[in-house]
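Asker: Protein chains in written order, with our numbering: chain A, 1 to 476; chain B, 1 to 476; chain C, 1 to 476; chain D, 1 to 476.
To be clear, the hints were calculated from the coordinates, so they are not data collected in a lab.
Just so you know, nobody snuck in bad clues.
Just some of the chain B residues that point at chain D, by a computed CB distance under 8 Å:
#: 1; residue: His-110
#: 2; residue: Asn-116
#: 3; residue: Ala-203
#: 4; residue: Arg-388
Idealized CB from N, CA, C, for every residue including glycine.
Residues per chain, in single letters:
4 protein chains.
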Amino acid sequence: MESSKNKSKLWGGRFEGQTSTLVEEFTQSLDYDSLLYAQDIAGSRAHARMLAMQGVLGSDEAMKIIAGLDQIQEEIESGNFLWNQELEDVHMNIEKRLTELIGPLGQKLHTGRSRNDQVALDFRLFTTSALTLWQEELLSLIRTFTDQARKNVDVILPGYTHLQPAQPVSLAQHLLAYVQMFKRDFERVGDALKRTKVSPLGAAALAGTTYPLDPQQVSHEVGFKDVFSNSMDAVSDRDFVLEGLFSGSVIMTHLSRFCEEIIIWSNPGFGFILLPDAYSTGSSIMPQKKNPDVAELIRGKTGSVYGRLVSLLTTMKALPLAYNRDMQEDKGPFMEAHKTVLSSLKIMTGMVSALKFDSLAMEKALKSGFLNATEMADYLTSKGMPFRQAHHVTGKLVSFAEKKGAGLEDIDLADMKKFSDLFEEDIFRVLDYKEAVNRRNTPGGTGPESIAVQIRDIGEWVDIQVKSGKCGDSLG
Amino acid sequence: MESSKNKSKLWGGRFEGQTSTLVEEFTQSLDYDSLLYAQDIAGSRAHARMLAMQGVLGSDEAMKIIAGLDQIQEEIESGNFLWNQELEDVHMNIEKRLTELIGPLGQKLHTGRSRNDQVALDFRLFTTSALTLWQEELLSLIRTFTDQARKNVDVILPGYTHLQPAQPVSLAQHLLAYVQMFKRDFERVGDALKRTKVSPLGAAALAGTTYPLDPQQVSHEVGFKDVFSNSMDAVSDRDFVLEGLFSGSVIMTHLSRFCEEIIIWSNPGFGFILLPDAYSTGSSIMPQKKNPDVAELIRGKTGSVYGRLVSLLTTMKALPLAYNRDMQEDKGPFMEAHKTVLSSLKIMTGMVSALKFDSLAMEKALKSGFLNATEMADYLTSKGMPFRQAHHVTGKLVSFAEKKGAGLEDIDLADMKKFSDLFEEDIFRVLDYKEAVNRRNTPGGTGPESIAVQIRDIGEWVDIQVKSGKCGDSLG
Amino acid sequence: MESSKNKSKLWGGRFEGQTSTLVEEFTQSLDYDSLLYAQDIAGSRAHARMLAMQGVLGSDEAMKIIAGLDQIQEEIESGNFLWNQELEDVHMNIEKRLTELIGPLGQKLHTGRSRNDQVALDFRLFTTSALTLWQEELLSLIRTFTDQARKNVDVILPGYTHLQPAQPVSLAQHLLAYVQMFKRDFERVGDALKRTKVSPLGAAALAGTTYPLDPQQVSHEVGFKDVFSNSMDAVSDRDFVLEGLFSGSVIMTHLSRFCEEIIIWSNPGFGFILLPDAYSTGSSIMPQKKNPDVAELIRGKTGSVYGRLVSLLTTMKALPLAYNRDMQEDKGPFMEAHKTVLSSLKIMTGMVSALKFDSLAMEKALKSGFLNATEMADYLTSKGMPFRQAHHVTGKLVSFAEKKGAGLEDIDLADMKKFSDLFEEDIFRVLDYKEAVNRRNTPGGTGPESIAVQIRDIGEWVDIQVKSGKCGDSLG
Amino acid sequence: MESSKNKSKLWGGRFEGQTSTLVEEFTQSLDYDSLLYAQDIAGSRAHARMLAMQGVLGSDEAMKIIAGLDQIQEEIESGNFLWNQELEDVHMNIEKRLTELIGPLGQKLHTGRSRNDQVALDFRLFTTSALTLWQEELLSLIRTFTDQARKNVDVILPGYTHLQPAQPVSLAQHLLAYVQMFKRDFERVGDALKRTKVSPLGAAALAGTTYPLDPQQVSHEVGFKDVFSNSMDAVSDRDFVLEGLFSGSVIMTHLSRFCEEIIIWSNPGFGFILLPDAYSTGSSIMPQKKNPDVAELIRGKTGSVYGRLVSLLTTMKALPLAYNRDMQEDKGPFMEAHKTVLSSLKIMTGMVSALKFDSLAMEKALKSGFLNATEMADYLTSKGMPFRQAHHVTGKLVSFAEKKGAGLEDIDLADMKKFSDLFEEDIFRVLDYKEAVNRRNTPGGTGPESIAVQIRDIGEWVDIQVKSGKCGDSLG
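Same shape as in the complex, but just chain A (with noise of 0.2 Å):
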């Protein structure tokens, strides 16, 4: 006699053990499964349409199935519905809700189906939600840095290499820098989800089907251009979560990168910022404290990205050819990163937009800094000397000002002279600030005329991705 609880599991005809809890617990895959609800059910309607158009249901099934599909949908989202462990996935849930409500015809739905391609479907739709969403928030937080941008043209800071002050840069062109790293991300994530957005239903468990399928017909409906070539990649393909998860890394990379100077620009030592208080925290037991806890947690959380896709590299290395249950651990290293990676991009719109620049501690870092060294020597060098050697003479004279705890344009002329004749009054403008950065007007320079080019170019980027509406209507 069967037990009445293996009754219940599909595959179950032929088993007479008991599966046990602990066992149940760890092969189900309901707790991320049943997030991608909506995917299935997409999936489900794109496939009974297609059924019916190639006549192995009929019109008037696939109407009761989508019917069926939509109550689901109904109950899930009113919080109706009894999602049950032991029936172990969002698949089977789903189709035994099903049979409940439209009987045998319930069953039909899987016909040429299998769960391999099923859930490959469901998690190409969900992969290419979310890796929409992020495109959409990076536009965002390019429009959010340009915006910065634009109003911080004037204002003048250290420019750094190895954290030491190098040369004056505009505050517009440190902004402008991040600008083109979500770029190359919005790039780079459009490029995976070329690769996501195909079609694997059709591809049965492993082998096709002997169904008349119409796999085109199917990736038309659910949103996608391309179908599956072979049928055994298609259900052991999980490249375009990795690239997910590969884009994801690279857009926490960059945004750990200015994370880290808005925690030390928010140190008294450099006070280049004002932490909007919404986002920082103070402390429970020190009362002047005010942390920039939102940029570490985002710096922290970039650890927890790069380990997801460490996971499923590791995951998916060796396995043979095709379906292997290993690939179940697809899903979570991919949700959790999505979630974080989604909420850093938005959580970092909202900071940079409400960030507060202070021009006289950047000022003040400035003169300190010997910023316009760099200038002294291309003087020199203008002037016919040997870069080297003009790099060489300036050095020394950086001693000498720093003996005499003064700046390089502090320095007379007639000293200046001991260390190269070729120094003349028009020295001290070329050491001005402002100067120097408007001197570098060359194309990607930091000089205003520059900024401008960047600022425009940018502009117009960023109107063709929203026309082309290539990441959603939210942005229209």
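Given chain A, put chains B, C and D in place with the hints provided.
Answerer: For chains B, C and D alone, kept in the frame of chain A given last:
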């Protein structure tokens, strides 16, 4: 005027902005923190008692506080506690409730303590429990493997290198190899515990405190032996979490190796094991399938634990002293890894105890793999031929036998003599598989005496661990 | 007085201490840098030509510089160049030699350029070459797999899921699944190349330059199309390296999957392939062994490439703008990963083209695995039974056959009818393996028409790539 | 006929094909192996001696073998040994040379041994040396940090949390926090050593051997205490390498944290340290720069060591028993990580001992950061105000002072009293930074007595390690 919302934040005194819901959701740690309620309360009890012993609190005050904490624990465990995400973390939720219950006295509990040392203690207590549970499960697993080894001393199967048949071994020897891995795991976890069971309470925010605390007393109360040596290290050290994650990663590596063997061995081409129904599943589309899903999932989840180790290593890299909010990202990775490691150990114990081995299938594999070739080479060496030459001659004979479709034991002595004069009639006893196994009786080898020693030694070692009570009563 | 040693360092003007040998060894990047000599010289040639076109150098000066560079390249390639570790990197080694050859003019080459943008260009050129080589090898690998597929359309083997026999598939279908993976790899590498072939020259140290440079001209000279948009991004962007490492990681994932199959398939329990001698090795102690070492090494080295991706992600996390010395750690990881990926691709191509498949062994595996069970279930469904029920009935029949030690095709019709009245004589044709494969002729399935389409499509796609010259002349 | 090339391969007897150069290059491990020559020879000497003691070799034979090995070691160390890549690995290169030197007897050395247990012993010896060197360098580093702490007990700087000024601490306390990290590292490496110093010799290929070997004797000869318990585990265990890589990763984490501080502290906005010239470099384009390159490189190389740990974890995942060629990929990762860890420790010791701290800059940072706010809150608490309320009142006073551009110590008592009646004249002594530090004298706090205890304890601990000779003579 202060917003009523910020009034409820403890550090709200100086803040004027409003923390958005998104940021609140992003920065809260309650999801994971709330799992630390028992540890938080245990630490608070110990702190209150110590404060009373040191005269910082009256003993009646401490008693009231402890009574309040007891009630809160009861409320939480009976599901009657209202968690409030706005209060950010477990510490604030409990303290707020305590103050409701016993009035302003509740706030005195925080005397000489900061959330920085408090959360470090809570998480050290949690990690201690987790690692102790792993040790218990490792002992169970060792006993299960040893039991199976004891039952299968006489079963011989091909020992593989490069997954190619190499030399015949006892199934017991194969299983006892895993016992050694799990024994190392037990010891490695024990080493991690030494550095986990160190109380940080008394470090306060980062610099120690002006109250006359007795950190040693708190450590004793919570069941630890050691206390922190340096307050700045105490609040910023997460080595113990890293060690836990690494130990867990190596445990998963070992489990994944046996899972790979379960998966390969249950393929019909091997057929060495019969998968117990409770640890396998069927296919929704292919009725004949019996899939080793549980073994696949443990193998797949190995990647997940590795990823969590990477997460925290990345998060901790290059953080300046002392506490940084990034460190909040230690809990999620460890708690999830803990769940995976603990379940995997338990399930593996159940699965291994239920495994049935097919000795006939193993015998068949032995015969087709020339698994006595090394015996032949050793035979020639024992007759005086240098080993390398013996290896060469045997290689020629394997080719000869392969072309005839026979085993080495099926070649006529006359034919053998064409390859070397040293062959005599006694070669045939040498080529017997059972004999080959029995001959390897040096310490650690696959021979029966060596195996008996291994089984005896591991039994004694397990007994010592259990008697020492190192890993809790549940083993008694 | 200045030490003669520091005189040779370009930034020695201001330094008075002495860099210890250990530090020199630690900070030098010459080990990897010296592999960039060709790229460094190509970039310098382009820079010199552009400086002349812009009037910064005289055209005779540019010619002298280029002649000097040509001579240096010849010296390096003929082994007559003396690398000096004290000069730290490739740039300084070449510049010093140039100055020896053509005098102080050599120093003018550095006008408007910094090592920050120079090394970024060098490494973008190197990465471009590497990725292009990968693309070439991916095309060769695709052709090799496709050739093997073409030859093995009629060979049928078990398609596995969970490494359990699932449904019969054509060996061609199995091989063509890998073709799809490598095609995605090709495209993914191509997407990475778009973001790699962007010239950063003109960004100088971080802020752009005051010289009237023409970055577009340099980009054109070195064979790139795009130029940097923002100087601070240009010197601190290593996304292109990350993308290369990620693309390489996914390539290795795919290779490791086929390696796993080679290893399992060459075990005698499967016996599906005969390992070519050139791609296997023997044992020093076991004369009968023929080990799939090459496949194991590719599988093992997958971990190494993953690790390199983790290295650079970790290194880049939370670096403030602009250049930081940490970034020097991009070269080692990528160069080693490149070597591994390139060798693995080449060796896999050789190994796959030399593989011999044993169709008899595959046939034997088919018969023992009930690989026609799905056919039976589909048969019942086609006769009107709901699929879930058909699956259940077939499961019962598999149990029945298993107990008799027979295949489904060996059960009498009368016996079948005890399980369902729907069985008729035509069931036996349905259970034939060849027929089962042939029936799955929907797009992407394992049927012969589907396979013919796949082979035709991939051939056309390869031709387009080759003709477009996207990945170099060597494919012509 | 056999090719002359394959004749030289030991397993060539049965092979007819030809291994291509590319494969040879791919599979050889000589690049790393050759660094194991000393370990290989030491292991062989011990093996030969044991074989003689057990009567397997004559004692004159053993003496001839050992003399031959001595000569080979001399040849290698004097650069007169010809490494032959065709012979694949270090073992074969040495054995071939031995046979040239002493004839066929050379081959007898391999009796009862396989390359599987031989390479495991070699690499355990190598890892033992490496970890012992790390321990030595950790002790040096601990002494260096402790020396700096001793010199800087009276220097006070802001203790940071969230990189925001929190409470004043002694510089000694800050430095001693690192001492605790390195002490844990020392102990962790010691724990790894326990599991590394286990001799696997006698496990042979995987099953043990028929020769009457004495594994304990070999273990003793090479300086280990323990021997393997199970032959299959002995040849397939790489836990010791993983533990080495993990210990190294945590060491790098700790170093990276101090590097981050060096980098931030040497920025002019902090100015807490003066970078010694020997550990910083200049810029080729900016004459004023003094860059913390060495600290940046150690920070950057942290990623490289993490990556190596990921590499080997990934490689070991899901490998079936016993030896697989994948395991060859243990040497590269560990050897490179070893080089990085060892150099980083040495360089950090040099750099820290050369660091000069600027106590004036630290004082300036103290004053501008309200670092006595906690003192004020504690003051109020000590007068009976509940801590949370005291925190709130102090927060209000910080706002008040901030608006006046003053410190808390600059507010009139009268003004203070507007916020709370509890303020009296004694508040001003409480607000003194030095006093604040001195008051935190509980165990582990930043007060001078606590620091004296820490310094004394660590000194005693170091003495014990040195005297126990645990990590070699060089410390004597």
